[in-house]
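Chemist: Everything in the sequence shown is counted per our numbering, starting at 1 for the first residue and increasing by one.
Hints may contain errors.
Unchecked claim - Simulated restraints, written as ranges between beta carbons of each label pair:
| # | residue 1 | residue 2 | range |
| --- | --- | --- | --- |
| 1 | Ser74 | Asn54 | 26 to 36 Å |
| 2 | Val59 | Phe38 | 15 to 25 Å |
| 3 | Val26 | Ser82 | 11 to 21 Å |
| 4 | Val95 | Thr67 | 38 to 48 Å |
| 5 | Ala39 | Lys65 | 22 to 32 Å |
| 6 | Thr67 | Arg94 | 34 to 44 Å |
| 7 | Arg46 | Arg94 | 23 to 33 Å |
| 8 | Glu86 | Ala39 | 45 to 55 Å |
| 9 | Lys48 | Glu89 | 53 to 63 Å |
| 10 | Ala12 | Ala92 | 43 to 53 Å |
| 11 | Val13 | Val95 | 43 to 53 Å |
| 12 | Ala92 | Phe66 | 35 to 45 Å |
| 13 | Pro29 | Arg94 | 40 to 50 Å |
Don't read these hints as lab results, they were simulated from the structure.
Only a predicted model underlies this, so the values are computations on that prediction, with no experimental measurement involved.
By construction, the Cβ of each residue, glycine as well, lies at the ideal position given by its N, Cα and C atoms.
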Amino acid sequence: MQVSGGSQNFNAVNQLRILGRWMRMVTIPNQSSVAKAFAKFDEADRMKPSSYYNRIVDVMAELVKFTLLLRDRSAYLTDRYSERVESAEEVAKRVSQRSI
């Protein structure tokens, strides 16, 4: 979610999602930008009712759902066959050394 405003800032959120995926982070498919965010809040610093507010509620609801679905599943989700094979080969080389 982003509140820095401006129509071009949507790309910043997208780039963060790409970086997150590259670092094997789970990223939710939903995102939202609030144009002119400074004008979207009342005197009590609460966001005014609007389509932006509804969209942010949708994004946060999706974040909660993904969090509940993925909780305690990190080991399963980050297990990579290629890394297991590579690690097994490295161990085999080290264990089968004929001399020290």
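Chemist: Can you tell me whether the CB distance of Val59 to Phe38 sits inside 15 to 25 Å?
Modeler: With a Cβ separation near 20 Å, Val59 and Phe38 satisfy 15 to 25 Å, so the hint holds.
Chemist: Determine whether the Cβ-Cβ distance between Arg46 and Arg94 falls within the hinted range of 23 to 33 Å.
Modeler: The hint (23 to 33 Å, Cβ to Cβ) is violated, given that Arg46 and Arg94 are roughly 60 Å apart.
Chemist: Is the hinted range of 40 to 50 Å satisfied by the C-beta distance from Pro29 to Arg94?
Modeler: holds (42 Å)
Chemist: Could you check the hint for me, namely that Ala12 and Ala92 are 43 to 53 Å apart, CB to CB?
Modeler: holds (45 Å)
Chemist: Is it true that the C-beta distance of Thr67 to Arg94 lies inside 34 to 44 Å, as the hint says?
Modeler: The hint (34 to 44 Å, Cβ to Cβ) holds, given that Thr67 and Arg94 are roughly 39 Å apart.
Chemist: Just tell me: holds or violated, for the beta carbon distance of Glu86 and Ala39 against 45 to 55 Å?
Modeler: With a Cβ separation near 53 Å, Glu86 and Ala39 satisfy 45 to 55 Å, so the hint holds.
Chemist: Range first: 35 to 45 Å. Now tell me if the beta carbons of Ala92 and Phe66 are that far apart.
Modeler: Between Ala92 and Phe66, where Cβ atoms are some 38 Å apart, the hint holds.
Chemist: Looking only at beta-carbon atoms, does the pair Val26, Ser82 fall within the given range of 11 to 21 Å?
Modeler: holds (19 Å)
Chemist: Range hint 22 to 32 Å: satisfied by the CB atoms of Ala39 and Lys65?
Modeler: With Cβ atoms ~30 Å apart, the hint holds.
Chemist: Look at the Cβ atoms of Lys48 and Glu89 and judge whether their distance stays inside 53 to 63 Å.
Modeler: The hint (53 to 63 Å, Cβ to Cβ) holds, given that Lys48 and Glu89 are roughly 59 Å apart.
Chemist: In this structure, is the beta-carbon distance linking Val13 and Val95 contained in 43 to 53 Å?
Modeler: holds (47 Å)
Chemist: Can you tell me whether the CB distance of Ser74 to Asn54 sits inside 26 to 36 Å?
Modeler: holds (32 Å)
Figure legend: structure checked against the earlier numbered hints; the only hint not met is number 7.
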